[in-house]
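> Can you join these two chains into the complex? Each is in its own frame, and there are hints to help.
Residue numbers (our numbering), protein chains in the order written: chain A, 1 to 185; chain B, 1 to 182.
Hints are supplied without guarantee of correctness; some may be wrong.
To be verified - Here are the computed lysine to any residue pairs in the SDA-like style, where the Cα-Cα straight-line distance is at most 25 Å:
1. 115/A x 153/B
2. 72/A x 175/B
3. 115/A x 178/B
4. 115/A x 177/B
5. 173/B x 146/A
6. 173/B x 15/A
7. 172/A x 73/B
8. 115/A x 156/B
9. 115/A x 163/B
10. 56/B x 75/B
11. 15/A x 54/A
12. 75/A x 168/B
13. 11/A x 54/A
14. 72/A x 133/B
15. 164/A x 121/A
16. 173/B x 102/A
17. 146/A x 182/B
18. 118/B x 175/B
19. 158/B x 54/A
Think of the hints as simulated: they come from the structure by calculation, not from any bench.
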Amino acid sequence: MDRRDIKKWFKEPAKMGHKYSLWVIYFCTGCGIIEIPPVITSRWDAERFGVIPVATPRQANLFLITGYVSVKTLKAIIRTYEQMPEPKYTVGFGSCPINGGMYWDSYNTIKHLDKYIPVDGWIAGCMPRPEAIFIAVTHLWTMIDKGMADGYLKYREKYKYYRKNQEMALGKLEWSPLYPRENQK
Amino acid sequence: MTEGGYVGVTASSMIMTNKKLKEELESTFKDIQVIVPEDTRLNITAREEDALTILKFLKDRGFNFLTLISCVDWIKENEFELVYIITSYLQKNDEYTQREKLQIILKTRISRTIPESKTVTPIFSNAEVYERELHELFGIKFEGNQRLIPLFLEREYKIPPFRKDFDTREYVKEVFDKIPFV
Numbered sequence: 001m002d003r004r005d006i007k008k009w010f011k012e013p014a015k016m017g018h019k020y021s022l023w024v025i026y027f028c029t030g031c032g033i034i035e036i037p038p039v040i041t042s043r044w045d046a047e048r049f050g051v052i053p054v055a056t057p058r059q060a061n062l063f064l065i066t067g068y069v070s071v072k073t074l075k076a077i078i079r080t081y082e083q084m085p086e087p088k089y090t091v092g093f094g095s096c097p098i099n100g101g102m103y104w105d106s107y108n109t110i111k112h113l114d115k116y117i118p119v120d121g122w123i124a125g126c127m128p129r130p131e132a133i134f135i136a137v138t139h140l141w142t143m144i145d146k147g148m149a150d151g152y153l154k155y156r157e158k159y160k161y162y163r164k165n166q167e168m169a170l171g172k173l174e175w176s177p178l179y180p181r182e183n184q185k
Numbered sequence: 001m002t003e004g005g006y007v008g009v010t011a012s013s014m015i016m017t018n019k020k021l022k023e024e025l026e027s028t029f030k031d032i033q034v035i036v037p038e039d040t041r042l043n044i045t046a047r048e049e050d051a052l053t054i055l056k057f058l059k060d061r062g063f064n065f066l067t068l069i070s071c072v073d074w075i076k077e078n079e080f081e082l083v084y085i086i087t088s089y090l091q092k093n094d095e096y097t098q099r100e101k102l103q104i105i106l107k108t109r110i111s112r113t114i115p116e117s118k119t120v121t122p123i124f125s126n127a128e129v130y131e132r133e134l135h136e137l138f139g140i141k142f143e144g145n146q147r148l149i150p151l152f153l154e155r156e157y158k159i160p161p162f163r164k165d166f167d168t169r170e171y172v173k174e175v176f177d178k179i180p181f182v
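One chain only, chain B, in its complex shape (with noise of 0.2 Å):
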C-alpha cells in the first residue's frame, strides 16, 4: 500500500479521513449538522452567520477550490438554500490523495423575505461570478461583493426568473406573445 497513491486509497481509509472532518467540524462548530452520505461525499448543514467560518476552515484544510455556488428556492418554507460546493485541486498529476477524492457540499438557509447573505470572495476570489449570477436570477443581495452588476439577461424582470413564483408562461403571453408577425 502506498501513501497517498490511488491504489493506496481503500474505501475503509477515506470513511477514515471523512470521519475525522466531520468530529473536527462537530467540535469546533455548534448548530451543525454533517452527514457522510458516500465514502467520497461530505454534506454540511449550518447556519447562515457560521458558513463562512466554516468556509475558512475547510480552505485551511487544503480545500482550496470552489466548485460552485448554487441556490434552491424552497417556497413553501419562505427560505432560499444556498449550496457552496468545494472540492480540492490535485497535488500531483496522477495520483490522488484521500483529501482530493472528498467532495464537500455546505449548506445554508436564508430569510426568502429579506434575501442577503455575506460573500464569500474575500475567501475565494472565484464566487464573483456565482455570486453575480445569483443576484441577478435569484435577486440574493451578497453584502460587500462590490461587482452585482447583470450577467446573462437583457431584459428586465419585475421577479427574478428563477424564483418560483415567477410565471413562465405569463410572462411569455405579455412579452413574446404580443409582438407580431410582420
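With the rest of the complex left out, here is chain A (with noise of 0.2 Å):
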C-alpha cells in the first residue's frame, strides 16, 4: 500500500477496499479464457493487485468476458451481471466483445456487447498478453479512484433502454425486470 493513500483509506475506506479487492467472475465464453490461468496461477500472479477468482456472481465485483459473445451465451452474460452486488465492474477482454471480431458477419455472435450490458473498459487485442489483464486492473483503479467507472450506476439510470437492447437480440426474457420502477418511467 501507498503511504499516500492513507488518506484516502480514511476518507472513503469502502472504495478503497472495492478498489484493491476486485474479485473477478470469469465468464469462460470464448478462446481468451485461455489467458486466465497462467494470470491467476504463480507465473503472472493476480493476486499481487487483490484479483482473484472467484464462484460465483454474488461474491464478485469484476467481471470479465473473455471472448465472442453468441446469442446464448449473452443471455447468460445478462442473469451473471444482473446477480453481481454492487459497485460492479465490467471489462471486455479481446476484440470479440468490443466489435465482433473476426466474427463480425457471423450469424449468431453479437456484435457489441455494450448495446447490452454497460462495459466500463475493454482490452483490445487477439489475444491480448495476461499483462494486459494488469494494465486494465491499474487503469480501473484510477478510474474509480475519479468516479468513472460508473457502468453499474448507468445500467441502473438507463435500465429501460438497454432491457430494450436485450429483447430485442434475445426475444422475450423469461426473468422479470431488475429495476422494475425505473422501468416504468
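Now the structure itself:
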C-alpha cells in the first residue's frame, strides 16, 4: 500500500476496499479463457493486484468477459451481471466483445457487447497478453478513484433502454426486470 | 509377427484388409464406388437408398461406432452431400487390430430442393444429435427421427444458416446492426 493513500483510506474506506480487492467472475465464453490460468496462477499471479477468481457472481465485483459472445451466452451474461452486487465493474477482454472481431458477420455472434450491458473498459487484442489484464486493472483503479467506472449506475439509470436492446436480440426475456420502478418511467 | 498386435500390423497387411472389404462391398452393392486413398482409409460413395444397408453391413463387420455425420452444400449442383464417418472402438486397451485402425467415410448425395433423408438412429443411436444439428443448420429432414427439435440456435432464421445461400452480412445488417447504442 502506498503511504500517500492513507488519506483516501480514512476518507472513503469502502471504496478503497472495493478497489484493491477486485474479485473476478471470469466468463469463459470463448478462446480468451486460455489466458486466465496463467494470470491467476504463480507465473503472473493476479493476487498481487488483489484480483482473485471466485465461484459465483454473488461474490464478485469485476466481470471479465473473455471472448466472443453468442446469442445464447449473452443471455447467461446478462443474468450473471444482474446477480452481481454493486458496485460492479465490467471489462471486455479481446476484440470480439468490442465489435465482433473476426465474427463481425456471424449469424449467431452479437457484435457490440456494450449495447446490452454497460462495459467500463476494453482490453483490445486477439489475444491480449496476461500483462494487459494488469494494465486494465491498474487503469480501473484510477477510474474508480476518479468515479469514472460508473457502468452499474448507468445500467440503473438507463435500464429501460438496455432491456429494450436485450429483448431485441433475445426475444422475450424469461426473467422479470431488475429495476422495475425505473423501467416504468 | 504377433497376430492382431500393433507391431504386427504392417502396411501391406492393412492394404489386404482394405482390399478385402472393398471387394466384399462391391460384390454386395450395386452403384457403389470404393476408393482406398490411404492404408487406414476407405471412401465409399453410394446412393442415398443404399446408405442404411451399407451402414448395417459395416456394423455387422465390427465397425460399431459412428464418429460423426456431416454435410456439404454443393450449391451449383443443387445437392447436399451427407458424410458418415465410421470407425471401430478398441477391443483391447493397448493393442490395435487391423479393423480398429480403419476409418470409413460414406458419402451420399440428396436433393437440395427436397432435403430429406432416412434416419440412421435404428443402427447408430448416437446419430440422433447429429441429425438434430443438420436439421437445424442445413434444414435437412430425417424421416423417422422423433426428436428434431432446436439444438444450438436461439433465433429463428428464414434460411438455415449453414447453407451457402444464407447471406450472413445481410443478416447481421438486418438484426444486430439495427440495435442502437445506449
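> Next step is simple, just say for each hint if it's right about the structure.
So, going through the hints one by one against the coordinates:
no.	hint	in the structure
1	115/A x 153/B	holds, 21 Å
2	72/A x 175/B	holds, 15 Å
3	115/A x 178/B	holds, 11 Å
4	115/A x 177/B	holds, 10 Å
5	173/B x 146/A	violated, 38 Å
6	173/B x 15/A	violated, 42 Å
7	172/A x 73/B	violated, 33 Å
8	115/A x 156/B	holds, 21 Å
9	115/A x 163/B	violated, 29 Å
10	56/B x 75/B	violated, 30 Å
11	15/A x 54/A	holds, 20 Å
12	75/A x 168/B	holds, 21 Å
13	11/A x 54/A	violated, 28 Å
14	72/A x 133/B	holds, 16 Å
15	164/A x 121/A	holds, 23 Å
16	173/B x 102/A	holds, 16 Å
17	146/A x 182/B	holds, 23 Å
18	118/B x 175/B	violated, 35 Å
19	158/B x 54/A	violated, 41 Å
Figure legend: structure checked against the earlier numbered hints; hints not met, in rising order: 5, 6, 7, 9, 10, 13, 18 and 19.
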